[in-house]
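Asker: With the hints as a guide, bring the two chains together.
Quick note, the sequences are listed as chains A and B, same order.
When you number the first sequence by our numbering, it's gap-free, plus one each residue, and the end is 260.
When you number the second sequence by our numbering, it's gap-free, plus one each residue, and the end is 373.
FYI, nobody ran anything at the bench for these hints, they're computed from the structure.
Treat the hints with care, as some may be off.
What the hints assert, rightly or not - What the simulated footprint calls covered on chain A by chain B, stretch by stretch (three residues with Cβ under 8 angstroms from a Cβ of chain B suffice, anywhere in the stretch; the number is not a length):
1) 53 to 63
2) 90 to 101
Claimed, not checked - As a list, the in silico DSS-like pairs of lysine-lysine whose alpha-carbon atoms are at most 25 angstroms apart:
3) 85(A) / 245(B)
4) 303(B) / 191(B)
5) 245(B) / 64(A)
6) 10(B) / 75(B)
7) 25(B) / 51(B)
8) 94(A) / 245(B)
9) 85(A) / 147(B)
10) 68(A) / 18(A)
11) 51(B) / 7(B)
12) 7(B) / 73(B)
13) 64(A) / 85(A)
14) 189(A) / 199(A)
15) 245(B) / 147(B)
16) 245(B) / 68(A)
17) 85(A) / 18(A)
Said to hold, decoys possible - A short list of chain A residues far from chain B (calculated; beta carbon distances all over 10 angstroms):
18) 135
19) 189
20) 213
21) 217
22) 246
23) 253
No experiment lies behind these values; they were computed from the predicted model shown.
Virtual Cβ for every residue (Gly too), placed ideally from N, Cα, C.
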Amino acid sequence: MAEPFLEIKDLTVAYDENVIMRDVNFTVNAQDVFVIMGASGCGKSTLLTVLTGLKRPLKGTELFDGQPFWGNNATKADRDASMRKAGILYQSGALWSSMTLAENIALPLEQYTDLTPAEIRDIVALKLDLVGLGGFQDYYPAEISGGMKKRAGLARALALDPQIVFFDEPSAGLDPISSKNLDDLILQIKENLHTTIVIVTHELPSIFAIGTNSIYLDAQTKTVIAGGNPNELLKNPPNETIEHFLTRGKK
Amino acid sequence: MSAFAVLQKDEKNRSAELTLSGEWLIKEHPDNRDGIIDEFAAPGFSRVVLNGKGITCWDSQLIAFLVRLLSLCRKNKVDYSLVDFPHGIESLLDLAFAVPERKQEDRSVQKESCLVFLGNIALHSWAATRAAYFFARRTYASFVRFLLKRAVVRKGDILSEIQDAGVKAFPIVSLICFLVGLILAFVGSIQLKMFGAQIYVSSLVAIAVTRVMGAIMGGVIMAGRTGASYAATLGSMQVNEEVDALKTMGISPFDFLVLPRVLALSLMMPLLTIYADLMGIMGGAFVGIFMLGLSPEDYFRMTLKALSMKNIIIGIVHGSVYGVIIALCGCYQGINCGRNASAVGYATTAAVVHSIVWMTVATAILTFMFSVFGV
Ligand SMILES: Nc1ncnc2c1ncn2[C@@H]1O[C@H](COP(=O)(O)OP(=O)(O)OP(=O)(O)O)[C@@H](O)[C@H]1O
Ligand SMILES: [Mg+2]
Chain A
10 MAEPFLEIKD LTVAYDENVI MRDVNFTVNA QDVFVIMGAS GCGKSTLLTV LTGLKRPLKG
70 TELFDGQPFW GNNATKADRD ASMRKAGILY QSGALWSSMT LAENIALPLE QYTDLTPAEI
130 RDIVALKLDL VGLGGFQDYY PAEISGGMKK RAGLARALAL DPQIVFFDEP SAGLDPISSK
190 NLDDLILQIK ENLHTTIVIV THELPSIFAI GTNSIYLDAQ TKTVIAGGNP NELLKNPPNE
250 TIEHFLTRGK K
Chain B
-1 MSAFAVLQKD EKNRSAELTL SGEWLIKEHP DNRDGIIDEF AAPGFSRVVL NGKGITCWDS
59 QLIAFLVRLL SLCRKNKVDY SLVDFPHGIE SLLDLAFAVP ERKQEDRSVQ KESCLVFLGN
119 IALHSWAATR AAYFFARRTY ASFVRFLLKR AVVRKGDILS EIQDAGVKAF PIVSLICFLV
179 GLILAFVGSI QLKMFGAQIY VSSLVAIAVT RVMGAIMGGV IMAGRTGASY AATLGSMQVN
239 EEVDALKTMG ISPFDFLVLP RVLALSLMMP LLTIYADLMG IMGGAFVGIF MLGLSPEDYF
299 RMTLKALSMK NIIIGIVHGS VYGVIIALCG CYQGINCGRN ASAVGYATTA AVVHSIVWMT
359 VATAILTFMF SVFGV
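Same shape as in the complex, but just chain B (with noise of 0.2 angstroms):
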């Protein structure tokens, strides 16, 4: 069985009688459902009796309907009555109009002209830059309060981020290091073996690795555990009020909880990318040693010979401002964020994809830069 609504209209009497029957549940409804409405919203009558001897049974459907229909009514100057309802509709029927519907400020977007949107572009960009720049401003001072020892701030804290940052990344930055060490050999190695000289396959990967790729590899590892985990840390530290709490307690949130992180990883970047640039070089080393069948003498013989100091230090050198980035960006995604869970969520989102794109920036910076100096 389901819903049925029949109106039928007197047009002499400018009068209309709606009759309801059957079961008015909501995984049911009458076909004419929209026709009806229609008939409301462009009355041809008056008057309305709306009847609802018939129905059987009834939740939320019937009331949701009912209320759109008396809605326009009252809209349109009808007169309506109810009659024979089950009990418990009039009711419901007086809540829902009890309250007047809140007049809210039209939400709602309004279409702008293409200049208007590309102005508030460049004002949101430039407002969001100004922030960022007054936050690593802040995260200065708050590391020279540091080095005059005048910051509140646990030792543990900074022992146990670094230990996070460093002893604990180990594993994964092994396993993608050495992944990514195997696959520039194999790559390299289809094009050397045409020429017979697989032996320099231990060059390109010591050179590949060591100059960018073991720290690129290592940042955007940590961006997305450890710059993620800070923002999602400090972003829920935001939503339970620990920010205020600290705050309130005359307690920089930027000595006691963004320095702490920003130290560790900018001491642990460096480090990692040594790291994973040793990694790299093991992955080359097993391909070269098992699948191109080079003896172990000659290859590292080889990618001792290829290995530049140069090109360690540049790989450091990007290694360490990858770890101010993605710290900042983390810690700064956290302080900011809003304060629902939903915001956490959007926070190490943006902490991730900022790193990223800095890191880009960083790297086609520094990139441009050495080759200026004629690095």
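Here chain A stands alone, though its shape is the one from the complex (with noise of 0.2 angstroms):
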């Protein structure tokens, strides 16, 4: 069950000369709910771009499913392969907008696959339906809403039928019923396809309720302050930061 799929050493990270984060280590086992958790600022966003392969760390390798993804000589086609293996939701959706939604999760389908169109429209509709967006594959992104904005994003993630799925906050500027209502579908993706999700969150509930395994970034020390499932973590709190965190700061 544990075999890890994301392992993550020594990971140095930094703007120019303005180092975020210093000698991360981590790993992220297959089907886990992985939470990146965080005060604002403190370089989750920065975090997933790496892990994503968009920035390159200053030095630490990353190992994506075993394959070499930073360091030990991994090229851009190496990240490119793994990447294909992925699923991102960005913080804002990131749709293309001159793009209607059915185009938007075509594109990945018609990229990297030999479907025909008439498969690849009926997958588009599923994947639609799968994240309650059915009938609005003619829509462009700026005639929906932000919440559907995030769950169309969610189906463009989800069009390759990816092993892993990174989300940026999630249920930022959702309401409430709505952040839950995300919550659940990611643990049905996660329970019926078997995929990996590294989620960046600030939400309490939802790290309680979908987490199974988590990490703390400090912005102070620029390390890992704590790690494990998060539920443990708020009964056995290791320092007083995360206990904070975790609490909202009661007690």
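Answerer: In structure tokens form, the structure reads like this:
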């Protein structure tokens, strides 16, 4: 069961001379819901851009499903090949605004499969149904609401049946009910498609409801100061910062 | 009514009392505010009592004033106490002092010597030139992939970009180039009339427009219209993480976004140049026929005589070069746009300015080359 999917070793990330995190180590096991926590500005989004190959770390290695991704002489082609097994839901949805929802979801399929247009149309309809947006094929991203954009982005992230999905603050800007529905959706995807999930979030209810493993990034020390199952962390917090974070400063 | 602050000092005990009264609102402030702050900055007392009994109403003005005074007290190690202040002020003050002020790295620009300044400019321009060069090279690589049918690009995108840079630009190009032809003819005719040589207006317009004016006017219009729109579109895609989404999907933004635009504009600019030439000649003819009283046959006969394939081709070469320059400048600014709304504005402006600067440079180089080769 607990096969490692992402293995991060000694990862140091910087913008020019400004080091954001130093010597970060963690492992995401297959079928984990792995939560990246931390105060605002500690570098969670930055970490995600490194994990998805957009930003080169200063040093350190990443293994993606056993394959080199950063370090170990990994090339851009290796990263592209690995990212084909991944889906990403961006903070804003990041749908391509000049294309309809159907075209957005179809693009990766056209790109990386030999399916016929009719088959692609069926798959697109299925993915939209899965996220509760059936019938919105011909809408442009500008014509739907923020929450719908997130769901459409999720449908696109799931287009190629990825083995791992990265989420950047999926519930930011959603009302509590939509946020809960999104959590349920994420859990369903994980259960039914056996996906590994890496998620950046501040939402405590989400963290406890869906997280199976986690790390807490600290902006002061620029390292990981805690890790493990969020519910366990809540029971025995290893330090005050994390206790503060998980209990919202109450207690 | 307004705000009052009275400071009473007791020299003997090295103590003081500051009494505040009146309406402490943003739109009012006590006349002696600065004087009191100066007193607190160099205090002749070691204890101070602040009394707020007479305050009738207050807002951030009062809090800001108190924060200023109390931080001076803390700095100068003066004991202070607050008495009789309205409810809520103390907790706001606590809030203001709760987080220690962040020690920022000094962001102010240090004064540099002239040489350092020049050096920085040189380094900066060198870096910018290199970046532009790599951008052009990657676009070229993407073009080669396109020829080998390996580029990820949608045909529909290319076609709609062509339509946008072509047919949709016709009205504005028509208007401007017609007027430019008209102006040329008008200004030329004033001189030529003196010699009774109005008929040569047609030659003047034909040569000027085909050789360079058509291309330049077309270029300036397209820089403002299409180059700016490329920068704005790609820039906001950058802001929305859409470019990231492409990259992580293994789709090169050069193939998918830059190539269709560069192709479209490079293909359309030569055609637009020909069209602009035509419109310019029409503008000239308007003046020649309706204002100088030349007969249409004469006018167009002289125009045909003045037109030469050489000039037309030189114009088209200019136009093609401008097309590539405008598309590259627009896309470069868009792809390298920062992640906020004002960055998009900056990218758009920069796209237009850089396009026009580089068009001028290219014109100079082309003119020089044509004259060296005696064309
Ligand atoms: N493009 C950039 N250039 C330079 N510094 C950056 C850049 N982007 C982010 N940073 C810095 O990196 C740090 C981490 O930013 P990041 O966006 O990763 O934070 P975050 O943990 O995602 O915060 P939030 O929870 O608010 O989204 C911040 O201190 C920020 O100043
Ligand atoms: Mg973030």
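Asker: Work down the list of hints and note, for each, if the structure agrees.
Answerer: Results of checking the hints against the structure:
1. Residue count for the region 53 to 63 of chain A with a Cβ under 8 angstroms from a Cβ of chain B: 4. That meets the three needed, and the coverage hint holds.
2. For the region 90 to 101 of chain A, the assignment as covered by chain B holds, since 7 residues bring a beta-carbon within under 8 angstroms of that chain's beta-carbons and 3 suffice.
3. At most 25 angstroms may separate the alpha-carbon atoms for a hinted pair to count; residue 85(A) and residue 245(B) meet this at roughly 11 angstroms.
4. Proposed proximity of residue 303(B) and residue 191(B) is supported: the alpha carbons are some 20 angstroms apart, at most 25 angstroms.
5. Distance check on the hinted pair: residue 245(B) and residue 64(A) sit about 11 angstroms apart at the alpha-carbon level, within 25 angstroms; holds.
6. Note on residue 10(B) and residue 75(B): the hinted pairing holds, with a Cα-Cα distance of about 18 angstroms set against a maximum of 25 angstroms.
7. Proximity of residue 25(B) to residue 51(B) is assessed by CA-CA distance (about 21 angstroms); at most 25 angstroms being required, the pair is judged to hold.
8. Between residue 94(A) and residue 245(B) the CA atoms are separated by roughly 14 angstroms; this keeps the pair inside 25 angstroms, and the hint holds.
9. A threshold of 25 angstroms between alpha carbons decides the hint, and for residue 85(A) with residue 147(B) the separation of about 21 angstroms falls inside it, so the pair holds.
10. In summary, the hint linking residue 68(A) to residue 18(A) is supported, as the alpha carbons are separated by about 9 angstroms, within the 25 angstroms threshold.
11. Among the hinted pairs, residue 51(B) with residue 7(B) is consistent with the structure: their alpha-carbon atoms are about 18 angstroms apart, no more than 25 angstroms.
12. Straight-line distance between C-alpha atoms of residue 7(B) and residue 73(B) comes to about 19 angstroms, which keeps the hinted pair within the 25 angstroms bound.
13. Restraint check: the Cα-Cα separation between residue 64(A) and residue 85(A) comes to about 12 angstroms, which is no more than 25 angstroms; the hinted pair holds.
14. Only pairs whose Cα atoms come within 25 angstroms are accepted, and residue 189(A) paired with residue 199(A) is accepted, the gap being roughly 15 angstroms.
15. Among the hinted pairs, residue 245(B) with residue 147(B) is consistent with the structure: their alpha-carbon atoms are about 19 angstroms apart, no more than 25 angstroms.
16. The hinted pair formed by residue 245(B) and residue 68(A) meets the criterion: a straight-line CA distance of about 22 angstroms does not exceed 25 angstroms.
17. Between residue 85(A) and residue 18(A) the CA atoms are separated by roughly 19 angstroms; this keeps the pair inside 25 angstroms, and the hint holds.
18. With a cut of 10 angstroms on Cβ distances, residue 135(A) stays outside the contact zone with chain B, its closest approach being about 19 angstroms.
19. Its beta-carbon lying about 25 angstroms from the closest one in chain B, residue 189(A) satisfies the requirement of being farther than 10 angstroms from that chain.
20. With a cut of 10 angstroms on Cβ distances, residue 213(A) stays outside the contact zone with chain B, its closest approach being about 23 angstroms.
21. With a cut of 10 angstroms on Cβ distances, residue 217(A) stays outside the contact zone with chain B, its closest approach being about 28 angstroms.
22. Non-interface call for residue 246(A) relative to chain B: holds, since the shortest CB-CB distance, roughly 23 angstroms, exceeds 10 angstroms.
23. At the 10 angstroms boundary, the C-beta of residue 253(A) stays outside the reach of chain B, the nearest C-beta of that chain being 15 angstroms off.
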